[in-house]
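Colleague: Residue strings, one per chain:
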Amino acid sequence: MSDPVQKVRDEFGTWMKENLAGEFACLKWRGTFGDDEAYPELRQKWEQKLGADGWVGVGWPKKYGGRGYSLPEMVAYNEEYARYGGPGRSGHIGETLFGPTVIAFGTEEQKKQFLPGIRAGTEYWCQGYSEPNAGSDLSNIKTKARLVGDEWVVDGQKIWTSLAVDADWVFVIARAEEGSKGRNGLVFLLVPLDQPGVEIRPITQITGGSEFNELFFTEAKTAKGNILGGVGDGWKIAMALLGFERGASTLGQQMIFANEVNEIIKLAKINGAYHDPHIRQRIAKAYAGLKIMRFSALRMLSGAEKGEWGPETYTSKIYWATWHRDLGELAMDVVGSEAEIMKDGEFGALQKMFLFSRADTIYAGTNQIQRNMIAERALGMPKEPRGDPNA
Amino acid sequence: MSDPVQKVRDEFGTWMKENLAGEFACLKWRGTFGDDEAYPELRQKWEQKLGADGWVGVGWPKKYGGRGYSLPEMVAYNEEYARYGGPGRSGHIGETLFGPTVIAFGTEEQKKQFLPGIRAGTEYWCQGYSEPNAGSDLSNIKTKARLVGDEWVVDGQKIWTSLAVDADWVFVIARAEEGSKGRNGLVFLLVPLDQPGVEIRPITQITGGSEFNELFFTEAKTAKGNILGGVGDGWKIAMALLGFERGASTLGQQMIFANEVNEIIKLAKINGAYHDPHIRQRIAKAYAGLKIMRFSALRMLSGAEKGEWGPETYTSKIYWATWHRDLGELAMDVVGSEAEIMKDGEFGALQKMFLFSRADTIYAGTNQIQRNMIAERALGMPKEPRGDPNA
Amino acid sequence: MAYPFSEDHDMIREAVRGWAQDWFDGGQGPEGVHKAGTGFDAKAWESLTKELGMAGVAIDEAYGGAGLGDLGRVVIMEELGASLASVPFLSTCGISVDLITACGSDAAKADLLPKIASGELIVSYCDGHNALKLEDGKISGGVSHVVSAANADLILLSLRDADKIEIIAIPNKTNGLQIKAHQTMDPTRAVADIRLDAVNKSDVTIIGTISEADLNELVIQSFIALAAECIGGAQKCLDMTLEYTGQRVQFDRTIASFQAIKHKCADMYVAIEEARSAVYYAATAEPAEKTEAALIAKATATEMFFKVAGDAIQLHGGIGFTWEYPLHFFFKRARANRTMFGTPTRDYERLAVGLLGDAA
Amino acid sequence: MAYPFSEDHDMIREAVRGWAQDWFDGGQGPEGVHKAGTGFDAKAWESLTKELGMAGVAIDEAYGGAGLGDLGRVVIMEELGASLASVPFLSTCGISVDLITACGSDAAKADLLPKIASGELIVSYCDGHNALKLEDGKISGGVSHVVSAANADLILLSLRDADKIEIIAIPNKTNGLQIKAHQTMDPTRAVADIRLDAVNKSDVTIIGTISEADLNELVIQSFIALAAECIGGAQKCLDMTLEYTGQRVQFDRTIASFQAIKHKCADMYVAIEEARSAVYYAATAEPAEKTEAALIAKATATEMFFKVAGDAIQLHGGIGFTWEYPLHFFFKRARANRTMFGTPTRDYERLAVGLLGDAA
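Protein chains in written order, with this note's numbering: chain A, 86 to 476; chain B, 86 to 476; chain C, 65 to 424; chain D, 65 to 424.
Please keep in mind that the hints were generated in silico from the structure rather than gathered at the bench.
A couple of the hints might just be wrong.
Said to hold, decoys possible - If you anchor each label on the Cβ, the simulated ranges turn out as follows: (1) B/Lys-428 / D/Gly-418: 37 to 47 angstroms; (2) B/Lys-428 / C/Gly-421: 44 to 54 angstroms; (3) B/Pro-277 / D/Glu-95: 48 to 58 angstroms; (4) B/Glu-262 / D/Asp-316: 52 to 62 angstroms; (5) B/Asp-88 / C/Met-75: 56 to 66 angstroms; (6) C/Ala-245 / D/Gly-421: 29 to 39 angstroms; (7) A/Ser-265 / C/Glu-388: 44 to 54 angstroms; (8) A/Leu-232 / C/Glu-388: 54 to 64 angstroms.
Glycine residues also receive a C-beta, built at the ideal position from the N, C-alpha and C atoms.
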């Protein structure tokens with residue numbers, strides 16, 4: 086490791102240790118995916134604390150309030166955050182998805198308008214991509230946008246939107262050209278959520294919690310200027326944004342996974358499950374998977390820094406999702422006969438992880454869609470024909 | 086069990102015990118699939134011995150030299166055969182595939198011509214279905230047949246033909262109508278192998294042996310009358326014949342499998358592999374699979390007797406093939422560090438089983454084709470479109 | 065009427081199928097039942113037993129039952145599994161009936177079996193002979209995670225008394241008996257912990273005595289009913305998946321037309337049918353084979369159901385893990401069944417002992 | 065040049081790739097080599113070492129090597145694996161070089177390493193410290209299934225002498241040394257049994273001494289090369305599958321256009337890439353992490369190769385299990401690699417000991 090990286094580790098590690106304490110201590114390891122509803126207000130306060138000390142948007146260029154961190158520095162930042170059990174970030178979507186997108190595609194004016202609120206932890210974003218009939222087939226967008234005077238008017242429905250309840254803005258892919266199909270005629274609009282034309286309905290899921298929401302747009306309005314790029318650029322920008330998803334935060338996610346593996350190991354030692362040779366094999370494999378994910382991420386990120394997305398890019402989602410789903414099953418088997426029992430009517434952390442991990446292989450591209458992508462993009466195999474032969 | 090069934094068990098069991106002895110003793114458990122080349126001449130002699138005592142074609146009607154056995158009697162017959170380690174049957178294809186087909190579709194004259202040789206163990210048959218470009222897509226037949234005077238003239242190539250080297254006849258699906266496609270215009274011809282127009286080339290396979298052959302037809306000839314049904318009936322007859330494959334012999338196959346499982350258990354006890362908890366699980370699962378296959382077969386056969394092919398019909402091939410492939414891997418792991426070593430340059434029985442079992446999930450319909458069939462026929466899911474979208 | 069069933073079995077299936085699907089709304093459960101997590105619907109139980117008369121399916125005709133044995137019970141459990149019915153059929157009409165039948169005194173049989181058959185009595189059994197102590201005529205000790213105990217009128221327990229094992233029956237209001245219901249991940253069938261605190265042996269009824277070996281075999285054989293429930297649940301998961309994927313359109317095709325979906329459904333189907341064979345085999349096996357067959361059926365079917373329910377969620381995509389769609393209840397039931405009476409790993413190890421001897 | 069490789073590594077890869085594919089005909093082997101089952105092609109070895117100069121890849125530059133360490137060896141083993149090259153690189157240039165480097169005397173290093181680098185010396189190592197007895201200055205005992213021993217000029221063995229472990233070198237013609245070659249299922253790399261029958265200790269060279277713990281770590285770390293071979297072999301299996309399924313037409317489509325084929329290829333690819341990460345990680349790991357990383361790499365890569373080679377046969381259909389098509393050689397090599405230095409189960413148990421302590 087080179088010096089600047091160690092500097093990040095020291096500086097941010099110390100900050101985390103000192104600040105994730107006191108009133109924030111209860112946030113440790115909380116609010117991660119599957120546990121989004123934990124302490125929403127306190128986590129916003131935490132986001133603002135991070136922002137105030139300059140720890141939001143560290144990968145952004147300095148001129149936009151970031152620290153201009155290199156990739157190894159980003160890795161260190163994310164790992165330190167997770168090492169100390171940093172909670173799920175309320176500002177996650179603004180910081181890692183929308184921020185980089187507006188930096189890449191926005192006008193200077195838009196950057197000035199939107200980046201500071203994200204940077205300060207005061208403005209929150211969510212993502213309006215999926216629709217009831219455009220899940221795996223993302224280009225099948227039905228939400229419509231039309232320009233009426235100085236405003237865009239949006240009608241339609243989005244689904245599987247996480248972090249919507251506490252968000253101020255949503256970025257929406259919508260169809261702006263009547264009769265356009267697939268990837269053509271789409272716009273990437275920025276729409277304020279606090280208006281009569283937007284209704285948010287939480288979706289209750291397998292855990293009883295509501296990670297995801299439905300968004301209904303009924304003549305929802307946004308200013309004419311709240312568009313990234315022009316009409317027809319929506320698809321390109323949306324795909325670029327998905328690229329940012331495969332970023333350095335993956336290493337932070339892995340630290341959370343590592344913490345889960347450690348919890349399982351600890352439990353197996355206490356409750357005697359470590360005697361079971363089958364459990365031993367599975368724990369060892371889970372641990373091996375962790376190490377493999379880490380090195381795969383380093384391979385991926387190292388390529389990304391050179392502007393090359395290597396093969397690891399394609400494999401990471403299906404690998405971690407499947408690994409994590411298996412970990413959920415392992416966790417329950419290590420817990421043993423107590424696994425079924427809820428304490429005080431609430432799911433425990435491992436139970437929640439087990440149940441929610443069934444969603445891991447579905448959201449952000451099902452395992453089936455991942456395999457399609459890998460076969461077609463990484464291996465150059467032929468595409469499936471569209472159109473139902475029996476329709 | 087009803088009386089006639091017990092009678093079969095007693096009578097045939099006694100016969101097997103008394104006759105699979107002396108010069109035939111070396112045939113025990115030999116010549117099964119994957120071991121076809123063991124003692125070819127002695128096995129023909131054995132076939133003739135069976136025939137002489139009335140033990141070939143026991144399921145055929147009495148008027149064609151059979152015993153007219155019911156299904157439970159067939160089950161008993163097959164199980165007794167396998168219980169005593171009866172060797173792979175040289176006359177297998179004639180007895181269980183071609184015989185029933187000629188009984189169902191042949192003229193009386195054809196029955197008189199072809200059944201006695203099979204029944205006596207003196208005439209052997211093989212099957213000309215697959216072609217290099219018609220494997221999974223069986224209807225894509227390119228072999229041509231044209232009627233010239235009193236003879237059919239056949240040109241083309243067949244592949245994956247087992248038991249061809251010692252066979253006298255082959256039944257061939259060929260295209261008799263120029264320009265016909267798919268399932269139309271096909272004929273089901275009976276062609277003698279001992280002629281200049283037929284060349285047989287064994288295919289050396291993973292074990293070094295040659296279970297399968299290629300057949301080349303170059304103006305091969307057969308009499309005008311050597312056709313089952315008429316022009317255009319080829320597909321229907323071929324499919325009916327495949328139906329006979331799912332017959333009572335499956336229970337005999339299971340006895341062979343049971344013998345393999347017993348060998349593995351015996352070995353595990355001797356060499357200490359039984360201490361290993363992972364091996365124990367796998368042996369127990371293999372054993373459970375055996376029991377499950379047996380009951381599935383009883384469900385299937387019981388339906389077949391009433392003329393109903395139940396769901397078990399669709400599941401049995403993929404289940405036993407996959408089970409057997411897993412058993413091969415288990416066998417090698419039980420053998421342990423010696424598994425790699427060949428004695429006197431020859432594969433041992435378990436090594437051969439391990440290697441050849443890789444073919445089980447491929448021949449007679451790959452696992453992929455089985456899944457297609459199950460999805461479309463048993464579950465009524467839509468068919469795949471034909472035609473390459475990128476062609 | 066498919067092998068190995070008779071017309072009687074078909075009639076029962078027909079009756080229970082419609083009833084269960086309607087009553088439990090295809091697994092979603094009557095308003096509030098699953099949400100409350102009590103795992104018990106008293107009205108449904110009353111309807112199943114008193115209107116349909118199903119509680120006596122495996123009870124001898126002499127005691128007011130239908131005398132349809134394991135196979136009759138298999139039919140009902142399949143259908144109850146397909147709707148995740150929150151009724152105490154498994155505990156009441158399974159092991160409890162078998163125990164009373166196997167070792168009960170004439171008086172016990174004449175008293176209890178007709179009451180079970182008529183739906184007057186809910187019974188729950190658990191092994192107690194290694195957990196309970198008998199001292200000075202008083203019984204103390206605890207057993208965890210007992211199926212349907214919280215709803216039972218009568219708790220059956222095995223009790224070691226010197227060199228014999230007694231099956232005892234304790235009414236739920238007995239002095240010194242505490243029953244603590246749990247909320248569980250699977251809200252469709254709750255379990256409870258039982259504690260006996262110096263219960264007077266004179267307050268309990270002795271049903272009969274049984275050898276430990278016979279008891280163990282009987283308990284294992286009772287797993288057949290649980291395995292049948294798994295078949296029913298898994299079949300329902302596949303049916304839902306076929307229906308959903310046949311309607312859901314992506315890339316201008318129903319997703320059922322994609323091989324990835326078709327092949328996974330085919331694998332689910334193969335797994336269900338083979339487990340079905342194992343269950344039907346166990347239910348019809350000769351006595352000498354029945355214990356082994358029951359172990360195979362339970363291990364295969366519980367493992368299969370968990371896999372199939374998980375795959376069904378996967379093939380449904382997003383809707384599969386929403387609360388409003390009932391699939392997650394099947395997944396949770398499957399997870400519970402997979403460990404309720406010991407894991408498949410333990411079952412296979414038991415088989416291995418028979419095949420290979422002890423490991424050490 | 066992709067992380068973590070340097071330009072030097074890329075050059076080596078380029079040189080060995082074409083050479084190996086040509087020489088071994090893409091895995092089919094030169095006429096007769098695989099059929100004979102000797103698992104050794106002397107001319108190929110001469111060409112690889114003397115013309116391409118690859119034997120010294122991991123040997124210090126001071127001793128005539130390239131000094132490219134584990135990562136250099138990984139590159140070569142990947143390419144040798146992709147063609148199933150029947151050369152004793154693994155035994156000669158892997159553990160043997162590492163042992164001599166780690167514990168050899170200056171004299172031993174100066175004598176042996178340059179000879180290995182130049183291709184003059186084929187070396188085979190196996191653990192002997194639990195199998196061999198030293199009595200009255202004579203060594204006796206046997207070790208089974210030693211890789212490349214039949215072709216080695218020099219056999220290295222570990223020998224327990226009182227409380228230390230010596231690494232000794234025995235020339236293949238030494239009195240009392242018997243080497244018996246086996247024919248194996250995998251005909252591309254034969255193994256041999258070694259017997260020492262009262263070999264005079266004065267007839268052997270003592271390379272140096274090493275602690276048992278250090279020796280064990282060194283042996284485990286040498287697995288990285290075997291794991292790399294698996295990556296190369298598996299990648300070749302996938303490449304062959306992509307090529308074949310892209311040409312084979314059924315139902316008027318290339319079979320590569322069917323999701324069943326595409327998704328299995330995708331799974332193969334994921335498995336290969338993740339195992340590749342494990343191998344590259346192990347080859348570049350810090351000393352403190354290297355043993356654990358090597359275990360992970362070996363377990364992952366050997367298991368993956370066996371699975372991928374089996375799947376490749378499946379996706380080829382009939383041609384996949386014919387002798388003329390080389391896939392079955394890859395399958396056989398994969399099977400051999402999966403157990404050659406202990407099974408993945410044993411590797412994971414070793415990891416488990418580190419994570420959970422001993423099982424008992």
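Colleague: The structure should be examined with respect to each hint, and the outcome stated for every one.
Modeller: Hints and how they fare:
1. Hint check: B/Lys-428 to D/Gly-418, Cβ distance near 39 angstroms, so the stated range 37 to 47 angstroms holds.
2. Hint check: B/Lys-428 to C/Gly-421, Cβ distance near 28 angstroms, so the stated range 44 to 54 angstroms is violated.
3. In this structure the supplied range 48 to 58 angstroms is violated for B/Pro-277 paired with D/Glu-95, their Cβ-Cβ distance being about 37 angstroms.
4. A C-beta distance of roughly 20 angstroms is found between B/Glu-262 and D/Asp-316, which places it outside the suggested range of 52 to 62 angstroms.
5. At about 31 angstroms, the beta-carbon gap between B/Asp-88 and C/Met-75 misses the expected band of 56 to 66 angstroms.
6. For the pair C/Ala-245 and D/Gly-421, the beta carbons lie near 37 angstroms from each other, so the given range of 29 to 39 angstroms is met.
7. Taken as a hint, the range 44 to 54 angstroms is violated for the pair A/Ser-265 and C/Glu-388, whose Cβ atoms sit roughly 33 angstroms apart.
8. Roughly 36 angstroms separates the CB atoms of A/Leu-232 and C/Glu-388, a value that falls outside the hinted 54 to 64 angstroms.
Hint compliance for this structure: hints 2, 3, 4, 5, 7, 8 are not met, and every other hint is.
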